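Q: Okay, here's what each chain looks like letter by letter:
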Amino acid sequence: MSAKLRPGQTAEIAGPKHAMVFPKPTVVASMIKRAKRPLLVIGSKAPEIVTDDGDLIDYAIKIGKKGKLTIAATGHLIGEFKKRKAKNVYSIPFMNLGDRLRDTDWNGFDGKGHYDLVIFAGSQYYMEWLVLSGLKNFAPNLRTISLGNLYQPNASWAIGTVNHSEWMSILKEIIENLEEKK
Amino acid sequence: MSAKLRPGQTAEIAGPKHAMVFPKPTVVASMIKRAKRPLLVIGSKAPEIVTDDGDLIDYAIKIGKKGKLTIAATGHLIGEFKKRKAKNVYSIPFMNLGDRLRDTDWNGFDGKGHYDLVIFAGSQYYMEWLVLSGLKNFAPNLRTISLGNLYQPNASWAIGTVNHSEWMSILKEIIENLEEKK
Amino acid sequence: MRHIISIQLFNYGRRQRRTLSKKDLNIKIDELESSLGTIKGLEIQIGRITDEEWEEPMGPTPFPSVGTFRDWDKKLLNRYKPFYMPLCDLCCLCTYGKCDLTGDKKGACGIDQKAQQSRIVLLACCIGASTHTAHARHMLNHLLEEFGRDYLLDVALNTNVEAPHIRLVCGYKPKTIGDLEEALDYVETQLVQLTAAAHTGQEGDNLDFESKAFHAGMLDHVAMEIADISQISTLGFPKGVSEAPLAQMGFGSIDTKKAVVMCIGHNVLPSVDIIDYLMEHDLFDKVEIGGLCCTAHDNTRYDNRAKILGPISWQLRYVRSGIPDLVVIDEQCIRLDIVEEAEKIGAPVIATSEKSMMGLPDRTHDDPDAIVADLVSGRQKGVVILEPRKVGEVVVKTAMAVSPKRKEFKEPSKEKLFENMEKCRGCLECVMACPNNLPIMDAVKACAEGDLSLLSELQPLCVGCGRCESACPEDLSIISYMYAASADQCKDECFQVRVGSGAITDVEIREVGRGIVFGEIPGILALVGCANYPKGGGEVAKIAEEFLKRRFIVLATGCSAMDLATTLDEEGQNLYEQYPGVFDAGGLVNVGSCVSNSHITGATIKIANIFAKRPLRANYEEIADYVYNRVGAVGIAWGAMSQKAASIAAGCWRLGIPVIVGPHGSKYRRNLLGRKDKEEDWITLDARTGDDMYIGPVPEHLFYAAETIEEAIVMTAKLSMRPNDTTKGRAVKLSHYIDLSKKYYGTMPDDLELFVRGESDLPFTMKVELLEYLKKKGWEEGKIGMPDPTLLDRMIRRKK
Amino acid sequence: MRHIISIQLFNYGRRQRRTLSKKDLNIKIDELESSLGTIKGLEIQIGRITDEEWEEPMGPTPFPSVGTFRDWDKKLLNRYKPFYMPLCDLCCLCTYGKCDLTGDKKGACGIDQKAQQSRIVLLACCIGASTHTAHARHMLNHLLEEFGRDYLLDVALNTNVEAPHIRLVCGYKPKTIGDLEEALDYVETQLVQLTAAAHTGQEGDNLDFESKAFHAGMLDHVAMEIADISQISTLGFPKGVSEAPLAQMGFGSIDTKKAVVMCIGHNVLPSVDIIDYLMEHDLFDKVEIGGLCCTAHDNTRYDNRAKILGPISWQLRYVRSGIPDLVVIDEQCIRLDIVEEAEKIGAPVIATSEKSMMGLPDRTHDDPDAIVADLVSGRQKGVVILEPRKVGEVVVKTAMAVSPKRKEFKEPSKEKLFENMEKCRGCLECVMACPNNLPIMDAVKACAEGDLSLLSELQPLCVGCGRCESACPEDLSIISYMYAASADQCKDECFQVRVGSGAITDVEIREVGRGIVFGEIPGILALVGCANYPKGGGEVAKIAEEFLKRRFIVLATGCSAMDLATTLDEEGQNLYEQYPGVFDAGGLVNVGSCVSNSHITGATIKIANIFAKRPLRANYEEIADYVYNRVGAVGIAWGAMSQKAASIAAGCWRLGIPVIVGPHGSKYRRNLLGRKDKEEDWITLDARTGDDMYIGPVPEHLFYAAETIEEAIVMTAKLSMRPNDTTKGRAVKLSHYIDLSKKYYGTMPDDLELFVRGESDLPFTMKVELLEYLKKKGWEEGKIGMPDPTLLDRMIRRKK
Ligand code: SF4
Ligand code: SF4
Ligand code: SF4
Ligand code: SF4
Ligand code: SF4
Ligand code: SF4
Ligand code: SF4
Ligand code: SF4
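Residue numbers (our numbering), protein chains in the order written: chain Z, 1 to 182; chain G, 183 to 364; chain W, 365 to 1164; chain A, 1165 to 1964.
Isolated chain Z (complex conformation):
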């Protein structure tokens, strides 16, 4: 057994409690499917992340649609979603979002209750790291997933550090598996 876990950034070490790495993409999908109030948080690097047929925003819209997730667009990203006519997308600064997610009294963007699973993608690595740290420490009951391609220790689960093509195929597989949502 080797202790070597490939980190997302050399000094990313957080603490004793750190993210589990998904054994396979289908687990992500089924986790999302099982969630009652999942939220997908898309960060402002999303347009720079190029996929086969578009960018991470397109993937996000697909995931949102197929998994019936509310989407939070951070930074100034909302415009992109508007352009692509995505539904159920809210704009919120990343810091605000973190702050609200740790508040158990917050009832979500639609006022219908707190989220039970929050999935992150497309954010600046270290900023996501920190928001996840805030949540790990102060929202102990919130489950978090990082879909980024660099290991995020502060999430509950993470994809881990993978290269671009591996990453893309993981995301695709997640999307495919979401289809089957009953």
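There could be a bad hint or two in this list.
[Unchecked claim] Here are the simulated DMTMM-like pairs of lysine to aspartate or glutamate, each with C-alpha atoms no more than 25 Å apart in a straight line: (1) K199(G) x E838(W); (2) K439(W) x D110(Z); (3) K1569(A) x D1538(A); (4) K650(W) x D733(W); (5) K1140(W) x D110(Z); (6) K1422(A) x E1657(A); (7) K1699(A) x E230(G); (8) K1947(A) x E1923(A); (9) K82(Z) x E1133(W); (10) K439(W) x E1043(W); (11) K1239(A) x D856(W); (12) K1545(A) x D468(W); (13) K754(W) x D1235(A); (14) K199(G) x D1235(A); (15) K439(W) x D1538(A); (16) K199(G) x D285(G); (17) K1042(W) x D110(Z); (18) K1609(A) x E348(G); (19) K1569(A) x E1507(A); (20) K1450(A) x E1657(A); (21) K269(G) x D1915(A); (22) K439(W) x E1133(W); (23) K650(W) x D856(W); (24) K87(Z) x E1117(W); (25) K1147(W) x D105(Z); (26) K1545(A) x E757(W); (27) K855(W) x E772(W); (28) K87(Z) x E1136(W).
Keep in mind the hints are simulated off the structure, nothing from the lab. Remember, predicted model here, so these are calculated numbers, not experimental data.
Given the coordinates of chain Z, assemble chains G, W and A with the ligands onto it according to the supplied hints.
A: Same frame as chain Z, but now just chains G, W and A with the ligands:
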């Protein structure tokens, strides 16, 4: 793949560079056998570590004899070795030893040259942790092994966190495998 | 030798040090004989002889102690609750540790994670404030020695309120540079109390830690004020002039045929001696003096023939260019491997501060020529010279002697700079070590194959931290590669930077006060702090331009003031050249170095005092309440990274001024965020009646890390709103907010209903559209009040 | 109201603040009219009116600055090179980070791992020294207010040198408590400089950081001296008395039928008010006042009817016992969850320091009875009262009212204390969280099955940190279990502790000076610091006894002074009862609280000054050189864990006094270790001739973490050797070293040849045996010199 490594102490996290865990005891033995100038460092907790037929000091003496290792007894432990008529044992405070090991000009207790592999057992967990940290950072070319039963992240290799009986059988297996030294 | 005596008065009725307000006295003794001996030229001042001019009665809180403003702080912290984001789950501050504080765990001392995070914030603020205070002390000691205690403070033209922070916090009015000492003593005493509070087993409550951090911030602004007004008064810096002269910045500003001296840091004293030496010996045509960081600003404030090399992030790049013949370091913002790096290019280092001695031998008391000889011969790679007035000669002589011998280093060949590149083993260590995960490996590999474009694209994204090199197992000189790949462009770059103008004058305050308070000037935007962000240059200038066009008053200091000079329009003009250098709507003022930040907060204080006639003396809470509720000031420290930045920001928070930082600012471990969705958080008192009133979330946040520059821009517009805005003012601010949202978010804001108090707040041209929107949102006219806003009970004029 | 003025003199010839040496002047003005108003009762002191008594000319280094003793420090650091052991490989001090500094990597600011580790050491020392300085400031401000500036310092019987640190460091001689302020101002100024040096981008060299840490340590001893001599002078504490009275300590010392007040911390002022109130109202038979940590010592110095509850590590245990009716916290060494813990037993908390407000409401300005009512009713779980003179009434009234209502808490049943034990799920989280990896789980499981023995065996091994509980997923109250398992024993424990005697008198110094300097008294052993080690109680007493028997002078302070009271001989007598309380060979003196540590270093300074007649005034290097080479003092801080301990130790290092810490002291991130195997490291100057001379490795280490108590004992004997030992003295020391080695190591030392200068150094009884040993080792007579040892060139009397 799970990122969970069972730590030796909850907050033992050191840094990005941390010990490999031995896949099996024979590897330890062969590493020792391959070493030109190995040193075994025995800490003052050794008499408290009870084995089937004695204590860790007895094991240390066996390892020393079979693997032809020099032994450094830290704390006030030298008396125990003397009592048991062990040879090739030197007394030195743990801090001093660490300080000398990081000095490439030091020629060892016998003046015949620096050690190339240093094996630790029987020390206070956190004190070993720190000496190993000093060596990891400032003696980059020195290979270190922790034979303790709690994972020591700052060593080059460690046994990892195991319970007492697992630990004992690992130590025994190491001793057995040392026999075959040519 | 003259002995001059400063006197502290202890008023035994309080625990705090105090000055007498009117019982002042000045005794001069030319010669006095006593049984103890003879004293000549003795001057005794009891109290402040200057006080006679200050009729204002003492306010409630002179020389406040650690807990004095705790209630005020908690009012703010209750509205802007800290959202903690631990950068580490452990505490390693004592040998009981490391302790795991994850979640609800406690350390061996009983501390919990929130208290720990806020303790680290406090510690950072203490270190930051100590840094400016230590700087101020060093500066003041030297200036007192050189100019005498009686040297009159002369800070800004036509200005009565010379030291708003000292007046506000300490409750006295300094007249001479000697008078500054009492405030500095006070700051030091308080800082030691605060540092002590961070000790294991002292404070335990996170909000009490936060309040203490605010206290450190307040003290920091006093210290910065002392540092800057003492140097402005004595060294002939611009005194609040409009349209300050221009200085040159960039690689292209340096004539590499001259001997080049590179000064790094924050303390202008050694540089002053160098410039004086150059002037006295008429050597400006033989020697270039260029600076990095604040020393650069202050050098140009002293003499605008000095050059600005650039902000902190260019430090390593400049050294790698080989151009500097000699490096002078004073204090702060110094790369700690500078001696090693300078050695590689054959440039000796002169260290000039006890705070930063870098292991070099102390030659303060040696003969200058002997020192020069040792440096020129390379017998010593650097020396310490602690007497500022001894630096000039050594530096100039050494630089001139070294320069001709450094030919081989001064113009390194591309081959040399690109050395070893092909050894890249593709391990990705560089990328993982890079704070921004920049694609370094790809760029290096491409370059090795002859394609320089990727590397030169990296250059503007790189903050020059050197972590990639340090991580590289092949020890590749990645920063040199980046420099080499874009050297041809950047070598000719020369930008104009307006010289730091110093404090805002009373006249300027009087002229704009009304516009700001009633919202007709939409806001004051301060762009401050370091340039440690990717795309240095473009980003900050983009913000500045956006708000200059919208007739905000835009102020800049430190590296930000440099960085925004680097963006040119089609005509090759930068913002300093396009916009007037005046403290007025649409004006862009470089206030100066980092210690000049005190003038920005000082200006908001002066608005309350001079424009609104609020009593200033030892009256912190009322003034802060005023600034918070009425002065639409917003600070952006896009590249803030240091402990100093933390304490400067904390000084803004206590005054109620919101601060936005860049994304890595989230690493400050917490933000102070308002919750616009919670109406109960936005209840304010109406000073006229004492009624509670809902005012909407203005300003929404107090400390806030933005993810993108676009987000920061839109948020700035939003944070400029204040409960006191007139309808006209609010309409202007709303129109900017809407406009910028549309521009950068591609959509209307989704929270407009929280800022429109009544129809008359609506920008006229958008009225119809907006009313429709508001209707959908269920907006009600008048739900949001327009009180005479205050958070302080005692400001209520008529109690119910 | 009386106004009293203190005056600082600035000597313009130097940058440092200075006092005039002889030009002193004292003006009293009963009433003075000037154009500015009338002043009454004004007193002006110029310079030090006390100076007239001090004929000694000013030494070379009054008010030294950060770099003044850098050369001296580097001499020591070159012999005792730091061995760094990072507690973390990362740096997280600024938002550039986290940076990985492993091995030869550098941070984004250019710092390397060694510099980073030493920076953290500096920061710890700054925090530690700030803590004592802030304490001294608070103490002094209050005492000045209460007793007036002119109150005469009266520190110790028959003692002229009242303040060795102030005289040595600052170069003046304080006469009144008001005179202490100048030294305190100086310390604060310097500490801010040092804290600033830890800022990102300032100091870069590890040895310069170390030197700065030494500076912080030196300042710390000045601050501690100020704190202690001001309270000794004013509050009637013992003034260096021999055989100080005894006070009672332990659970058994408390009469639980009375209302029990538990005071935690380091600042006696609130406790003084409580004791005064008890005296004035004759309530000592109704109220017990017990203290933890230094407040406990100082309470008994004020009135030995006060009780010592115990050292820091018993804090949680005492609360869990349910006995305290009310908890008063002042500053330092407070468990930060104390409010929560006290709430669980229904005891209100009174916080009395701005440094530690714990989130409680500030009621300083409220009516005492209103506060009492709120606390007794439980409307408030605690309050802040910042005026020490208001605490007594509230505390006593509240405790007396609360006590009868707390019956249910005061004697918790075993069932209650053992609650939930059976829920243990065997997860081992407790064990992994325990700093000592104690076998908690096994003990809990055994206890759940009725076997209490394992738990009660754990109790003495446990340092009371609570990490196990915090980690336990079942929230089991492990500390309560441990308490309950051994409550029956510990409830009756009552130990005698000698009350802190304060400074060592000049007379005592005169009497023992010779014996110490020539080695006839083998050494001074100081047992200081916290009690955070397993087996608290046994360990420190074991050391003390070993050296008392060997006629060392044994001094103790703080929690160590408490801890060594807990070991009893067959007759039930502890060391305080067995050994005389005198500063002489074989004497055991409790010097006092942690700030009394200044008297221990002060005693070594006084030996140099009073016994050896070395000039004291502003003459630090010479005195340190003397202490280092001649005074066989060794400090052991077995449980040291805090930043304060770091700075106290640093103050010892700069004076050349070796310090041994317990194993967890390795977490201080570095040791300062000599290399006895390197002869070249042990060359010293002979002051008589200027010749270099090999002196052997004495003392071998400067800062050293021992693995076991036995190792510490043997090392203490070894570290007591000094180059200046007479042959007789060396023989005595060697015989202890050999004897203790045999006893604890079961063998002769293997390095004796390094300490035997000539045959006459050999203990007579072992001569034959030793000569044989030495022969084997190739020892040569006279290879090790016996110079008049010095490290300072300027001490050489006859240059070659
Ligand atoms: S300060 Fe507290 S939390 Fe930090 S290491 Fe020490 S005991 Fe643990
Ligand atoms: S120097 Fe530039 S490329 Fe290298 S790690 Fe730093 S930011 Fe990244
Ligand atoms: S760290 Fe060095 S060797 Fe590794 S990929 Fe980067 S440049 Fe290449
Ligand atoms: S802005 Fe930042 S980097 Fe620039 S001089 Fe100021 S502190 Fe240094
Ligand atoms: S707080 Fe910083 S230095 Fe301490 S363990 Fe965490 S990362 Fe390391
Ligand atoms: S202080 Fe230096 S090493 Fe530490 S985080 Fe900041 S840049 Fe990195
Ligand atoms: S309280 Fe005692 S048993 Fe529990 S973790 Fe601390 S030392 Fe270990
Ligand atoms: S942590 Fe709690 S549940 Fe787990 S073994 Fe320890 S006592 Fe039992």
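Q: CA of K87(Z) to CA of E1136(W), is that 25 Å or under?
A: holds (21 Å)
Q: So if I understand the rule, the pair passes when the alpha-carbon distance is 25 Å or less; does K650(W) with D856(W) pass?
A: holds (20 Å)
Q: Are the Cα atoms of K1545(A) and E757(W) separated by 25 Å or less?
A: violated (66 Å)
Q: When you check the alpha-carbon spacing of K1569(A) and E1507(A), does it fall within 25 Å?
A: holds (14 Å)
Q: Below or equal to 25 Å on CA atoms is what counts here, so check K1569(A) against D1538(A).
A: holds (14 Å)
Q: Within a Cα-Cα threshold of 25 Å, do K439(W) and E1133(W) meet the stated pairing?
A: violated (37 Å)
Q: Given the hint that K1239(A) pairs with D856(W), test it: the Cα-Cα distance must not exceed 25 Å.
A: Outside the cut-off at roughly 49 Å; violated.
Q: Hint check: K439(W) vs D110(Z), CA-CA at most 25 Å. Holds or violated?
A: Distance of about 30 Å is beyond 25 Å: violated.
Q: For a C-alpha distance cap of 25 Å, please report whether K87(Z) and E1117(W) respect it.
A: Measuring from Cα to Cα gives roughly 22 Å; hence the hint holds.
Q: Straight-line Cα separation of K1545(A) and D468(W) no greater than 25 Å?
A: holds (21 Å)
Q: Within 25 Å, alpha carbon to alpha carbon, are K82(Z) and E1133(W)?
A: Cα-Cα ~19 Å, so holds.
Q: Measure nothing beyond the straight line between the CA atoms of K269(G) and D1915(A); if it is 25 Å or shorter, mark the hint as holding.
A: This hinted pair holds, its Cα atoms lying about 18 Å apart.
In summary, the structure is inconsistent with hints 2, 11, 14, 22 and 26 from the numbered list given earlier, while agreeing with the others.
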